[in-house]
Amino acid sequence: MDFATLIGLVVGIGVVLGAILVGSSLDLFLNLPSVLIVVGGTLAATFVKFPLQNVFSAFKIGASSALKNVRQDPRGLIEVSLELAEIARRNGILALEGVEISNVFFKRGIKLCVDGHPLEVVRNALIRDMELSIHRHDEGSHIFKAIGDSAPAFGMIGTLVGLVQMLANMSDPQSIGPAMAVALLTTLYGAVIANLIALPIADKLESKTEEERLTKELILEAITQIHARQSPMILADILEGFLPENQRSRGDDEDDVDEAAE
Numbered sequence: 001m002d003f004a005t006l007i008g009l010v011v012g013i014g015v016v017l018g019a020i021l022v023g024s025s026l027d028l029f030l031n032l033p034s035v036l037i038v039v040g041g042t043l044a045a046t047f048v049k050f051p052l053q054n055v056f057s058a059f060k061i062g063a064s065s066a067l068k069n070v071r072q073d074p075r076g077l078i079e080v081s082l083e084l085a086e087i088a089r090r091n092g093i094l095a096l097e098g099v100e101i102s103n104v105f106f107k108r109g110i111k112l113c114v115d116g117h118p119l120e121v122v123r124n125a126l127i128r129d130m131e132l133s134i135h136r137h138d139e140g141s142h143i144f145k146a147i148g149d150s151a152p153a154f155g156m157i158g159t160l161v162g163l164v165q166m167l168a169n170m171s172d173p174q175s176i177g178p179a180m181a182v183a184l185l186t187t188l189y190g191a192v193i194a195n196l197i198a199l200p201i202a203d204k205l206e207s208k209t210e211e212e213r214l215t216k217e218l219i220l221e222a223i224t225q226i227h228a229r230q231s232p233m234i235l236a237d238i239l240e241g242f243l244p245e246n247q248r249s250r251g252d253d254e255d256d257v258d259e260a261a262e
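Everything in the sequence shown is counted per full-length UniProt numbering, starting at 1 for the first residue and increasing by one.
Treat the hints with care, as some may be off.
[What the hints assert, rightly or not] Restraint-style ranges between C-beta atoms, simulated for each label pair: (1) E211 <-> L94: 31 to 39 Å; (2) S25 <-> D149: 30 to 38 Å; (3) H117 <-> R90: 18 to 26 Å; (4) L94 <-> N246: 35 to 43 Å; (5) N246 <-> D27: 46 to 54 Å; (6) G14 <-> R229: 56 to 64 Å; (7) D27 <-> R136: 38 to 46 Å; (8) M156 <-> D27: 19 to 27 Å.
To be clear, the hints were calculated from the coordinates, so they are not data collected in a lab.
Since we're looking at a predicted model, the values are computed, not measured.
Glycine included, C-beta positions come from ideal geometry on N, C-alpha and C.
Based on the sequences and whatever the hints tell you, model everything.
Take a look at the structure:
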């Protein structure tokens, strides 16, 4: 469970509901026609923009990204890579066949190496796998951004519809205020859907996609060096470059050397 998403939704909904309940009744902010215009119109526009299958896939990916907290552990992957490199260097690539690897992408790459495929074939297969995965996540992000763009627009459309209906019935002055309030509800619904749900999920998808890309690039480089039976010491230096500077084990030593040189 991604508790950041849960906390954000609870706090966001709580703030909106709290502001409503402090000043008035919740019943004033519930209107079925407004919901139908915003939700139905937003879904309709999304279906027009994207293939139906892609939209449902984006909903699945978005829900998974928002609710599941899949932590990427580059440091752990580097340690696994060094162990595999040591085994391959001493006993050959075939010795990696029985090694347990939890990361699916890493496991597939090692299997291709064990099966005896040339390095170019291994790299091309993994790069294609990585690009397809990133493309699916990018498309999901684009769809949620489109929802974030459409929801406020249909909120405004609903408001205009309500204003037309209100202006068409000006004979009763007492009904103008309530009618205006109902007309503005669609704008509120559209803003909440866009800024509390759709756009945050799109941003979270982008963030997690970037993390996944960096992790798979690290794995790809590790497999390349393992295939070449590279020294674990050299491999460690290479893979350290994929970590942020504050996580590199050699960063402190390099800083000390620089200070001594100055």
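Task: Earlier hints that do not hold, by number - done: As far as the earlier hints go, not one is violated by this structure.
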